[in-house]
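A.B. asks: Take a look at the letters that make up each chain.
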Amino acid sequence: MAQDKPKNPEKHSTFIPKEKKSTKPFHDTPMLDQLESGPWPSFVTGLKRLAHNNNMMVDLMGQLEHSYKTRLGYWKGGTVSVFGYGGGIIPRFSEVAEMFPESKEFHTLRVQPPAGNHYTTNMLRQLSKSWEKYGSGLIAFHGQTGNIMFIGTTTENTQHFFDEINEYGFDLGGAGPCVRTAMSCVGSARCEQSNCNEQKIHRTLVNNFIDDMHRPALPYKFKFKVSGCPNDCMNSIQRSDFAVIGTWRDDMQVDQKEVKAFIKSKGRKYVIDNVISRCPTNALSLSDDDTLNVDNRNCVRCMHCINVMTKALAPGKDKGVSILIGGKRTLKIGDTFGTVIVPFMKLETDEDYEKIKEIASNTIDFWAENGLEHERCGEMIERIGLVNFLEGIGIEVDPHMISSPRTSSYARMDDWDQEAEKWRQRKQQAAG
Amino acid sequence: MAEAQAAKKQPPRPPIESGCPDGFQYMHPLMIKNYGNWKYHDRPRPGVLHHVAHSGDEIWTVRVGTQRQLGPYEINLLCDIIDKYGEGYVRFTIRSNMEIMVSSWEKVEPLIQALNDAGYPVGGTGNSVTMISHTQGWLHCDIPGTDASGVVKALMDELYEEFIHEDMPNRVHITTSCCQINCGGQGDIAINIQHTKPPKINHDLVANVCERPSVVARCPVAAIRPAMVNGKPSLEVDEKKCICCGACFPPCPPMQINDPEHSKLAIWVGGKNSNARSKPMFHKLVAAGIPNNPPRWPEVATIVKKILRVYKRDAKDWERVGDWVERIGWPRFFELTELPFTKFHIDNWRGSRNSLNASTHIRF
Ligand code: SF4
Ligand code: SF4
Numbered sequence: 001m002a003q004d005k006p007k008n009p010e011k012h013s014t015f016i017p018k019e020k021k022s023t024k025p026f027h028d029t030p031m032l033d034q035l036e037s038g039p040w041p042s043f044v045t046g047l048k049r050l051a052h053n054n055n056m057m058v059d060l061m062g063q064l065e066h067s068y069k070t071r072l073g074y075w076k077g078g079t080v081s082v083f084g085y086g087g088g089i090i091p092r093f094s095e096v097a098e099m100f101p102e103s104k105e106f107h108t109l110r111v112q113p114p115a116g117n118h119y120t121t122n123m124l125r126q127l128s129k130s131w132e133k134y135g136s137g138l139i140a141f142h143g144q145t146g147n148i149m150f151i152g153t154t155t156e157n158t159q160h161f162f163d164e165i166n167e168y169g170f171d172l173g174g175a176g177p178c179v180r181t182a183m184s185c186v187g188s189a190r191c192e193q194s195n196c197n198e199q200k201i202h203r204t205l206v207n208n209f210i211d212d213m214h215r216p217a218l219p220y221k222f223k224f225k226v227s228g229c230p231n232d233c234m235n236s237i238q239r240s241d242f243a244v245i246g247t248w249r250d251d252m253q254v255d256q257k258e259v260k261a262f263i264k265s266k267g268r269k270y271v272i273d274n275v276i277s278r279c280p281t282n283a284l285s286l287s288d289d290d291t292l293n294v295d296n297r298n299c300v301r302c303m304h305c306i307n308v309m310t311k312a313l314a315p316g317k318d319k320g321v322s323i324l325i326g327g328k329r330t331l332k333i334g335d336t337f338g339t340v341i342v343p344f345m346k347l348e349t350d351e352d353y354e355k356i357k358e359i360a361s362n363t364i365d366f367w368a369e370n371g372l373e374h375e376r377c378g379e380m381i382e383r384i385g386l387v388n389f390l391e392g393i394g395i396e397v398d399p400h401m402i403s404s405p406r407t408s409s410y411a412r413m414d415d416w417d418q419e420a421e422k423w424r425q426r427k428q429q430a431a432g
Numbered sequence: 001m002a003e004a005q006a007a008k009k010q011p012p013r014p015p016i017e018s019g020c021p022d023g024f025q026y027m028h029p030l031m032i033k034n035y036g037n038w039k040y041h042d043r044p045r046p047g048v049l050h051h052v053a054h055s056g057d058e059i060w061t062v063r064v065g066t067q068r069q070l071g072p073y074e075i076n077l078l079c080d081i082i083d084k085y086g087e088g089y090v091r092f093t094i095r096s097n098m099e100i101m102v103s104s105w106e107k108v109e110p111l112i113q114a115l116n117d118a119g120y121p122v123g124g125t126g127n128s129v130t131m132i133s134h135t136q137g138w139l140h141c142d143i144p145g146t147d148a149s150g151v152v153k154a155l156m157d158e159l160y161e162e163f164i165h166e167d168m169p170n171r172v173h174i175t176t177s178c179c180q181i182n183c184g185g186q187g188d189i190a191i192n193i194q195h196t197k198p199p200k201i202n203h204d205l206v207a208n209v210c211e212r213p214s215v216v217a218r219c220p221v222a223a224i225r226p227a228m229v230n231g232k233p234s235l236e237v238d239e240k241k242c243i244c245c246g247a248c249f250p251p252c253p254p255m256q257i258n259d260p261e262h263s264k265l266a267i268w269v270g271g272k273n274s275n276a277r278s279k280p281m282f283h284k285l286v287a288a289g290i291p292n293n294p295p296r297w298p299e300v301a302t303i304v305k306k307i308l309r310v311y312k313r314d315a316k317d318w319e320r321v322g323d324w325v326e327r328i329g330w331p332r333f334f335e336l337t338e339l340p341f342t343k344f345h346i347d348n349w350r351g352s353r354n355s356l357n358a359s360t361h362i363r364f
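Heads up: the sequence lines are chains G and Z, in that order.
Each residue of the first sequence is one higher than the last, beginning at 1 in the numbering used here.
Each residue of the second sequence is one higher than the last, beginning at 1 in the numbering used here.
Treat the hints as calculated values from the structure; they're not laboratory data.
Among these hints, one or two may not hold up.
Below are the PhoX-like pairs computed for lysine-lysine, each with C-alpha atoms no more than 25 Å apart in a straight line [to be verified]:
1) G/Lys76 to Z/Lys343
2) Z/Lys84 to G/Lys5
3) G/Lys221 to G/Lys69
4) G/Lys269 to Z/Lys316
5) G/Lys76 to Z/Lys39
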């Protein structure tokens with residue numbers, strides 16, 4: 001069906017214009033051509049459409065085909081920036097420019113999308129028009145860090161394009177050792193599982209460090225990601241230095257009528273096999289009368305039962321966030337997950353937001369001072385130990401930060417009594 | 001003359017440091033109205049989400065697969081459809097799917113029809129194989145061992161039916177990465193470059209192009225040392241120590257790690273970002289030595305499809321690939337997928353003993 005002849009070939013992902021406006025003849029692209037068939041929309045057909053319009057894309061396709069043939073990449077970096085900023089542009093100069101001169105400069109601008117990646121069609125068209133004017137026309141929605149990637153332009157046009165879109169509200173993201181563009185899930189805008197205002201957290205955090213984004217001077221990159229619940233649609237625990245994840249601390253909301261309706265439609269066995277017995281902490285049980293009991297003190301807010309029974313179950317009402325610091329991929333010490341630094345905090349009042357800003361800036365300041373060159377925050381924590389990091393950012397130890405206490409006895413514990421006393425005092429204060 | 005020109009030149013325009021734009025200005029009005037007040041959702045058909053607010057308002061979302069790299073033609077084509085059949089509002093998921101929001105169920109089918117007529121698949125929701133998240137590759141990256149868009153296009157052609165239907169045990173997130181930095185991130189199935197030979201060094205260029213101490217510091221196994229080669233200051237790699245990770249290549253392009261023959265692909269499974277049921281997991285190596293074979297990487301597709309077939313047959317509802325393997329155990333995974341188990345599957349990096357079996361928990 002996807003392979004059927006399109007009803008209206010002029011308005012179809014396979015459309016190729018008849019008129020060729022670019023002056024340069026096309027390169028032969030036998031390998032890329034093979035990626036035009038098949039049901040998934042083809043980026044190669046897209047590149048060809050652009051190559052009908054501009055010579056830069058004619059040569060870009062030539063270089064890409066050359067990469068396919070030789071199985072090597074041919075771009076190198078450099079320095080390109082817009083006036084006033086030190087980052088945000090990914091410079092690309094071709095190493096095979098003598099063969100493909102029109103795409104010898106093919107820089108990318110990383111631009112921050114609106115929080116939650118919301119657009120009107122008008123705004124998409126406007127961005128596309130600006131980029132057609134100053135660049136190749138090719139836009140990636142979005143890069144892995146979360147930027148809109150405007151791919152392919154000359155050094156001179158990076159400035160013109162930036163000036164134009166900056167006037168209507170868009171700003172560059174980060175590149176290099178700096179705070180990077182952040183990401184947040186759709187969250188409160190459309191998801192009942194959300195526990196926080198992702199839009200506000202995202203913009204509060206990243207826009208507070210705009211200077212650290214535009215003028216790279218940190219040990220390495222620093223990423224914020226915001227997910228509204230522990231399903232963590234933004235992959236923040238593994239992919240960000242500072243993960244903010246919505247959660248709740250009171251009882252989950254259970255609508256027993258809907259529980260019964262769910263059991264009626266799916267069967268009791270389905271519910272036992274797919275909900276009750278799948279709770280990681282055995283916090284669920286089903287009574288003989290088909291009411292659901294939740295051991296809320298032992299529910300770890302994993303979201304599974306809520307994901308399955310979307311109508312019957314919902315997060316509680318006392319909502320807030322957990323913060324995990326230090327996630328990243330392999331380079332250089334191996335993968336690290338983020339670690340719980342703040343098990344729970346409310347994010348409602350202005351003071352709450354001030355507090356999260358403060359935690360973030362304490363973290364960045366401490367890491368900027370103590371991180372080695374090219375060392376991510378999580379790697380620094382691994383090198384110096386969590387306790388030193390906590391002392392550096394002024395946060396007290398908490399058993400939610402660990403999955404188990406130490407197993408090795410090789411540690412000095414001479415001031416045990418003072419530390420135990422601190423704990424007692426904190427407990428007393430918390431009690432009121 | 002020069003002065004006159006300088007005087008004519010406009011002063012550079014200072015940037016407006018506006019940062020991340022406010023999403024509300026582009027948000028569907030029903031999403032603004034019911035912000036933070038949604039009650040539940042269901043999926044009336046694959047590719048469609050239906051959310052109901054406490055106010056009683058309802059919104060339908062149609063999820064569309066795209067090629068991620070879009071030009072003016074595609075953008076206008078899709079926007080024309082969204083304006084005519086939708087309501088002018090759209091957002092993108094983390095995996096580059098477009099989501100088009102409408103306020104009535106009646107609009108959903110015509111919108112899907114129009115998208116399909118234009119050659120765009122609707123799907124990627126719930127327990128489907130959704131769009132593969134990908135990186136830049138040969139199209140635009142400075143260090144890629146392979147292409148990204150091409151691998152994704154080739155695989156999504158093969159997984160088209162899995163995208164438009166929801167018949168996997170749970171959602172499947174596939175990722176690709178063109179170097180071992182793994183920008184594609186964790187995936188239920190991850191397809192990543194794996195280099196197998198040490199960098200080839202162009203000693204004539206090292207001194208000029210590379211900051212040698214930082215290159216030395218970048219190597220995870222301390223295999224690089226400064227050296228004089230042919231009378232020029234350069235760098236030397238202890239090839240016995242080198243793990244061929246490619247970490248030295250970005251800061252020092254004359255240390256070419258990519259090789260048309262020896263840069264292979266590896267497949268990793270069981271990565272999971274969500275906290276649902278089990279804690280988040282990293283993906284684990286299951287296959288390597290796969291040829292980097294453009295334009296359609298058939299050897300990769302064969303293994304990915306095999307893993308998906310076995311997972312679909314053997315996993316329980318709601319089990320992600322990682323959950324499933326934890327339940328059945330790795331020996332069974334290798335048995336069912338008929339993938340060879342080798343010494344390379346056994347980790348020897350720091351902390352690796354945690355990945356060894358320190359029990360008599362053995363399945364027969
Ligand atoms: S959210 Fe997770 S931990 Fe909590 S009751 Fe449900 S399944 Fe159990
Ligand atoms: S490839 Fe990796 S291990 Fe080998 S020298 Fe370079 S950084 Fe070191």
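A.B. asks: Hints numbered earlier in the text: which of these fail when held up against the supplied structure?
C.D. replies: 1, 3 and 5
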